[in-house]
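Counted the way this note's numbering counts, the sequence shown spans residues 1 to 877.
Note that these hints are calculated values from the structure, not bench results. Every residue, glycine too, gets a C-beta built ideally from N, C-alpha and C.
Capping the alpha-carbon separation at 30 angstroms, the derived lysine-lysine pairs in DSSO-like fashion look like this: (1) Lys702 with Lys852; (2) Lys621 with Lys589; (3) Lys822 with Lys700; (4) Lys621 with Lys598; (5) Lys621 with Lys584; (6) Lys576 with Lys563; (7) Lys563 with Lys238; (8) Lys584 with Lys598; (9) Lys238 with Lys545; (10) Lys822 with Lys709; (11) Lys852 with Lys835; (12) Lys347 with Lys230; (13) Lys683 with Lys708; (14) Lys621 with Lys545; (15) Lys545 with Lys626; (16) Lys702 with Lys835.
Distance ranges between label pairs, derived from CB positions: (17) Asp328 with Asp533: 52 to 62 angstroms; (18) Leu807 with Asp533: 30 to 40 angstroms; (19) Leu807 with Glu404: 45 to 55 angstroms.
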Amino acid sequence: MRVSVRRLALYPLFAAQRSGALQSPFLHQISPRSRTLFSETGVWEKDYRTETRRKVEEWWHPRIMAQWRKDAVGEKKFYVLSMFPYPSGRLHMGHVRVYTISDTIGHFQKMRGHQVLNPMGWDAFGLPAENAAIERGLDPEDWTKSNIQSMREQLDTLGLCFNWDREVTTCLPDYYRWTQYLFIKLFEAGLAYQKEAVVNWDPVDQTVLADEQVDENGHSWRSGALVEQKLLTQWFIKTTNYAKGFIRRFVTLIKKIISSAVGCRSGSAAVNGKETGETLLAYSSSPETVYGAAYLAILPSHRLLHGSSSVRSALQEAFQPGRDSLTDVTAHNLFTGREVPLVISHKETFDDYLDTVVGVPDCNEEDLSVARALNLSWTSVLKTHEDGTQTLINSEEFSGLTREQAFNSITQKAKEQKVGGYLTSSKLRDWLISRQRYWGTPIPVVHCGSCGPVAVPEEELPVTLPKLPSITGKGASPLEAAHDWVNCKCPRCKGPARRETDTMDTFVDSAWYYFRYTDPHNAYRPFERHLADHWLPVDVYIGGKEHAVMHLYYARFLCHFCKDQGLVAHREPFRKLLVQGLIKGQTFKLAGSGQYLKREEINFTGTCCVHGGRVEVTWEKMSKSKHNGLDPQDVVQQYGVDTVRLYILYAAPPEQDILWNAKTDALAGVLRWQSRLWQLVTKLRAARQLGDVPNPRLLKKKELAEAKKIWENKNYAIQEVTTHFTEDFLFNAAISRLMGLTNTLSSATVRLLQHSVEFEEALAALVMMTAPMAPHLASELWAGCPILQHEGDVLQQSWPTVDPEYLEVPDFVELSVLINNKSCGMVTVPVQVSKDTSRVQQLVLESPVGQKFLSERSIKRAILSPRTALINFLVDE
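Whole structure, please, built from the sequences with the hints as guidance.
So this is what it looks like as structure tokens:
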């Protein structure tokens with residue numbers, strides 16, 4: 001391994017066999033021209049004051065951005081991706097957090113020699129932009145583009161280094177052309193289809209909502225209106241066809257959606273109580289027991305009770321709210337040939353998403369209870385043996401098989417007979433993508449009276465949104481008003497036809513954007529396979545908890561589909577997921593009414609109150625309506641870019657929420673640390689101006705021992721910080737480790753500053769490891785440090801690595817022995833037991849040191865340090 005500060009051709013100063021005045025190539029006096037922002041005057045500010053910080057950041061901001069734009073040629077790629085934002089027009093602190101993390105990782109990986117992709121774009125379609133434009137009397141496109149320009153400028157002021165040459169915007173035709181292309185591929189594969197369904201309807205925003213857009217109280221996440229159930233013909237994508245692959249390997253958060261209890265959703269039941277011929281898709285968590293079905297259950301919200309079904313009246317007549325209702329309608333199982341009665345369940349939901357399930361009393365206590373209560377008959381299909389295993393009985397050719405064998409055989413046969421057998425989860429249903437709004441990707445389908453739904457030919461893409469004189473957001477889809485656009489010819493028979501007026505859910509746009517970043521300007525296909533294969537999978541994907549679950553499910557579905565279409569080599573799009581918590585602000589609201597108050601409205605003397613009313617103080621997600629938000633630009637203006645970055649990284653691990661409080665120790669800690677880093681370089685500059693030629697041979701024994709400690713601390717810090725940057729992303733722990741190294745260097749004597757190679761190497765490593773997190777400060781420290789005369793700024797250096805000799809594990813280790821925190825000697829112990837407290841305690845007690853100081857004393861506790869070679873005995877005085 002090597003030290004990236006130009007590897008020194010020497011061993012540590014504590015090596016006894018060392019001879020001659022070996023010196024670091026960095027050891028010299030200050031050069032006449034320091035490459036700092038103060039090079040015009042040659043003056044180095046003594047302290048890192050607010051004005052100094054402002055000058056440093058202004059100087060280095062354009063230079064760091066320019067450095068990033070230079071493509072680094074590396075043997076390996078690294079794709080760091082942060083979830084792209086909706087262009088609301090203003091950044092919030094959540095944006096600052098996620099992009100600070102991606103920027104830090106990007107700089108780190110570039111210093112490691114990787115070719116880094118850290119792209120940015122805009123999730124630019126959607127209901128919020130349409131509503132905002134309606135309120136202001138603007139075109140949604142103009143509103144959205146204006147917001148994008150504003151947010152780009154804000155991102156730039158934060159010094160974030162993105163690959164802006166790869167920017168994508170989902171509302172531009174050159175992007176949604178390929179969203180439409182992928183939809184057509186899904187349609188041709190039989191995975192995009194229309195059906196009548198009971199959907200969540202927002203009566204205020206006049207559109208369908210996905211389940212995840214309805215809160216736990218049944219209200220719309222955007223308008224706040226109580227969501228209604230409505231029967232509509234909608235477009236779906238058959239995501240459930242890929243559920244088996246998802247269950248085999250899924251991202252942690254997706255566990256909340258995908259059940260590990262795999263079942264079978266199939267077309268195995270047909271309502272024929274009155275010879276209707278209508279087909280139902282029914283789910284069973286135990287499809288191997290299909291011959292033991294006692295009934296088929298549907299929810300009260302099922303389309304058969306609300307639509308134009310011929311059995312609607314019979315079902316409604318039998319329905320009794322609040323209880324399981326046996327109907328006169330029967331269902332014919334196409335797989336077994338048997339008939340079972342149709343039951344309307346008393347439940348409002350089946351495991352969150354299902355609307356039709358098979359009741360099998362043999363394997364479910366609840367199903368057994370329902371069957372007995374309704375006096376239904378059924379066939380027993382399971383036999384339990386003495387060893388606890390179960391085999392099938394009364395199941396025709398499957399009798400005698402174990403449940404696992406029967407599961408595979410029955411589902412396979414159902415597939416072959418085209419009567420079901422598709423594996424899915426009780427937590428999933430197909431993806432409803434229709435939205436009855438204007439500002440979205442048009443669905444590229446025309447409806448023909450003769451041909452039915454027909455996909456728009458690929459050569460006619462994109463189907464662009466028509467310009468509308470006004471958008472009200474009320475009634476039918478706004479696109480219905482564009483008569484010249486709606487009325488068209490059928491691509492197949494050339495007869496009269498009508499365009500689909502629903503637009504796509506914005507989740508469709510974001511389900512594939514990580515592909516487009518790899519080839520953003522391609523006018524002939526969504527992306528070239530060799531470019532996508534080079535960059536994918538994404539090495540680290542970063543985003544907020546509140547957006548992660550369903551988006552990840554859809555993104556993974558599209559990747560699986562693209563793999564099966566031969567568009568990419570990878571089935572899984574993301575290698576690691578880094579889910580960040582919220583940044584919360586302190587909120588004040590009146591007890592009882594819940595009215596949010598501004599801080600200045602509250603009397604903080606004594607009991608927290610306002611106008612005599614009691615105030616509840618909580619921490620909540622920042623928002624203007626709660627009067628607890630922060631404008632990132634105001635925060636940066638007050639504290640500086642690097643301070644805000646360090647605070648965000650230091651205040652909590654990424655997955656935890658941050659309670660933003662400028663009075664906390666975290667903010668004071670990072671402010672103090674920056675000043676101490678500045679002081680280290682200031683002290684070194686002063687020491688090297690004393691006139692002596694640096695000479696390591698002048699160091700005495702005690703100073704050599706101190707140099708050894710610095711060397712060990714440096715290597716330990718490199719080891720720990722690199723691990724945090726690559727494995728667990730605990731940036732707060734990395735900063736703590738660097739603070740520890742700073743403390744070690746701050747306590748060094750003047751003679752060490754003048755003559756120690758170890759101090760130089762440790763300081764260089766410290767500045768380099770700080771650079772990805774605080775790039776402006778680290779750049780100035782690097783340029784102003786008199787020992788670092790070499791090519792390039794700090795972010796252009798190679799990441800420091802551990803010295804090989806540090807990795808050579810000795811057979812024995814010297815352990816400091818403390819009694820009640822006071823040193824009393826050293827003991828040599830075998831390295832293999834040096835982390836075992838009980839073994840170390842035994843060896844110390846057997847040693848001369850232990851015999852002398854501990855033999856006659858009562859030991860209350862022995863504390864073995866996990867990081868340094870030290871054991872502390874707490875004894876009675």
